[in-house]
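Chains X and Z are the protein sequences, given in the same order.
Take full-length UniProt numbering: the final residue in the first sequence is number 498, and no numbers are missing along the way.
Take full-length UniProt numbering: the final residue in the second sequence is number 498, and no numbers are missing along the way.
Among the clues, some could well be false.
Identical copies look the same in the list; a pair holds intra-copy or inter-copy alike.
[Stated by the list, open to error] In silico lysine-lysine, DSS-like type, Cα no more than 30 Å apart, as pairs:
id: 1; residue 1: Lys-250; residue 2: Lys-447
id: 2; residue 1: Lys-447; residue 2: Lys-295
id: 3; residue 1: Lys-132; residue 2: Lys-447
id: 4; residue 1: Lys-302; residue 2: Lys-447
Simulated from the structure, these hints should not be mistaken for laboratory data.
Note that this is a predicted model, so its numbers are computed, not measured.
Residue strings, one per chain:
Number of protein chains: 2
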Amino acid sequence: MTEWICARCISRLRSSAHRTFSTSRAYRERGSVASLLARNAEADHVTVHGWVRRVRRQKKVAFAAIGDGSSLLPVQAVLKPDDAAQLSTGAAVSLFGSWRASHGAKQSHELQAREVQVLGDNDAEHNPIQPKYQTPEYLRTLPHLRPRIPTNTLLLRLRSQVIASTTSFFNRAGFIQCHTPIITSSDCEGAGEVFTVSSNHHPKPPTETPIEHFFRTPKYLTVSAQLHLEALSQAVDKVWTLSPTFRAEKSDTPRHLSEFYMLEAEQSFTQNLSDVMTTVENLLNAISTDLHSSKLAEELLKPHQDHPSSNPDHPLTTPADTLTDRWTGLASSNWPRIPYTTAITHLQTAASHNPSLFATPPTHPTGLQAEHERYLAATLGRNRHPIFITDYPAHQKPFYMSPSSQDTVSSFDLLVPDLCELAGGSLREHRAAELLQAMQAKGVEGKDLEWYQDLRRYGSVPHGGFGLGFDRLLCYLSGVGNVRDVVAFPRWYGRAEC
Amino acid sequence: MTEWICARCISRLRSSAHRTFSTSRAYRERGSVASLLARNAEADHVTVHGWVRRVRRQKKVAFAAIGDGSSLLPVQAVLKPDDAAQLSTGAAVSLFGSWRASHGAKQSHELQAREVQVLGDNDAEHNPIQPKYQTPEYLRTLPHLRPRIPTNTLLLRLRSQVIASTTSFFNRAGFIQCHTPIITSSDCEGAGEVFTVSSNHHPKPPTETPIEHFFRTPKYLTVSAQLHLEALSQAVDKVWTLSPTFRAEKSDTPRHLSEFYMLEAEQSFTQNLSDVMTTVENLLNAISTDLHSSKLAEELLKPHQDHPSSNPDHPLTTPADTLTDRWTGLASSNWPRIPYTTAITHLQTAASHNPSLFATPPTHPTGLQAEHERYLAATLGRNRHPIFITDYPAHQKPFYMSPSSQDTVSSFDLLVPDLCELAGGSLREHRAAELLQAMQAKGVEGKDLEWYQDLRRYGSVPHGGFGLGFDRLLCYLSGVGNVRDVVAFPRWYGRAEC
């Protein structure tokens, strides 16, 4: 096939550089705003790219604050009034000049700009996001523009860093990262409200015609990766995934979304729930320790006061000492592991001392209400340390959990102060007959889960795992009160912008 | 709220250890099969957990091969015949004994087992996956059991490692990892066949009633994260995601799935397509270099001959030198960047020398067929080095690409030998008027993409990005010919098991 072509031709073709593009001066080697701000020495030739946060014009000189999302603090640029004339809030710009010690008190250095170039259109006047306080509710209608608000860039960086920490932790701990399917046949919990997936190949059929399914049978968006992870755990032992999950619930709370990320892990060869709790503890230890020692920590603890989102109503309003306590709690070890029955007794004792403590009296069969979980987390977790509540009554939990007694299952919920439930896990029923029995009792047996029963028929092994609400974790770490504000494009009942 | 509770009570509750679980001897501290195999020194007290690959019984002694997915090679265990009697292929076991230098030729050490415990049920006889050659087509009907085949555990580990390499590369390069939405309003390409998402809250309405949508308007499964990534790139500059994407195409090929992972990245402040190509090149450099220096490399190059999947028809049959060439090519630099027009001329010259070379004659307007791409990759990419074809005719490409001339766009496809297209990217049209014009020309303007036009109205910036088929990359790196065999739970037209 290649015989006829001469070596010179090939060489000429290979070297044909990509000539249609020119590199303008504005695109010279450059660093981020964060790296420039970290630079203590003066420099003569500095290029910075970013978006204008503010312009202040005086007669002989102008000032502009430039951010690029890498830092809450902007670079302060000193400009010629003529150069500043073309600038407006929000415009993308390229600045070239000298990095000089500043005479102002606010920053140690400033960029004395010799060249200023506006890189694209910017209709500052009609921009729906204005440099002033705007309510979180309003901003949620504009998820394509909202990320540009400095605190939102911080939340994007936080997510990225926590993903990196998580990846690194599991890698060290010998867990294999897996991609579990989004389109599935089954509803893991046997109770969740699911989204249905269909192809629009087939226009609505006449009433009498059976629907032709793209995948032969009806399919849904996954509500949990757990069952599939269990199958993979029986191949490589320890597995994890960070995957989108879905609930078609009509809930309208600061804690629930229709589409959210779940961090789930399974491990084989364990018949001890403590092993699973220890994995959760070690994971959160690693995440919070990494965060605490990162640049993000400082930014989260001292949000910059000099931008629109510094309004007290802004999501990032959790006091710094509360945040520090949370991180320290997550970084601590030996979190209390308290059986459900003990927790109920504790609540009942508290209620007997103070009858108005709870709106709903705590009883064993009715389960823990949010107010009870809050109280448990507040009184049993020292200094915002998390607590595990274990061994819940079987009737409150899904079919796949392994029993720990006649009426309880080897399960845990991880409770943290303020937020309450952050994660939940269990040993899984690994005995075929007992699993079928539990499925029948919960009414979820059937062809769709035949494959899941197979896992108990062939090479079954005692195992356990957990799921952790990743977006909730980001709320907890950042102090953002509403999960809709830590997700870039949140989806909930009635709302899915963009 | 906490006043009434005495310190002793709290202390007692906190220390209430989790007593319902006992740790049996079989669950002592242990290492993986891979870590045990790496152990050159003898040891008296070794525990290993895994699944039985084979048992061989002799009169006075028995042998078992034990794997746990951490290694293609199993641990060889020497057992008392009585202990071996209870073992069957596939059973989960715990072995305890001594790690001793082996007299056999096959392995340097063996486990002389003193205690053997079977951990769960195993109906070896009826297991649909038997220890013999079974066709890939058959195995795809059993995705919940298939991962246990040793080569499939290798593919699970490969995916995990490539994700880790990718995460680490982008982290170093200052890219922020984002979670883009799965449920979206728009169809990025303006042409893809999409899956529709609906909630089953609402049973089929009578014909005359309008459907009540869960999200008010119809929603689809995303076909690409690109448009959303562009919005985030305008906040933090460089962004990336590894996210599930969906196509409701009725294709039945070894290259297409209905659900697949796309690795996508966008970067702002560039008007040079070379910047984007360089990012792709650096990323693949990093991935292949990491792979080449890892334990996986050896396992992929010398697949263990001693297990069922060693059959020549098994997916992992690409010769070792081909794989090495691929990795070396991906790790090389300065990949040829050849304009589309030059590529067509090259093909036409080749066809004029050998009229039977192509089934379809290469012409400028009709575009590159698979056979043309294969020829370009084979002749222009030295030793399986990848090549970029750039500046495609605008009419062949989607609306969002930036022009590079009257008729061409600043785009590229990355071609690799054997597999052909692995990635594609472009500069994005960042001018509002020109974008609208292109949308109108392609017939995709409308309310659903109003938000995307906003990105050009407010703080617009020259930018570009790319998308890379992650599952295809894994095929290319591992030599697996069919994408259905590198995805744990593959979905395609008519098929979505489990």
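Verification of the supplied hints:
Taking identical chains as interchangeable, the C-alpha atoms of Lys-250 and Lys-447 lie at most 30 Å apart whether they share a chain (28 Å) or sit on different chains (25 Å). Neither within a single protomer nor between protomers do Lys-447 and Lys-295 lie at most 30 Å apart by alpha-carbon distance, with minima of 51 Å and 40 Å respectively. Within a single copy, Lys-132 and Lys-447 get their C-alpha atoms only as close as 57 Å, which misses the 30 Å cut-off; across copies the closest is 27 Å, which meets it. Taking the shortest Cα distances, Lys-302 and Lys-447 never come within 30 Å of each other, neither inside one copy (55 Å) nor across copies (40 Å).
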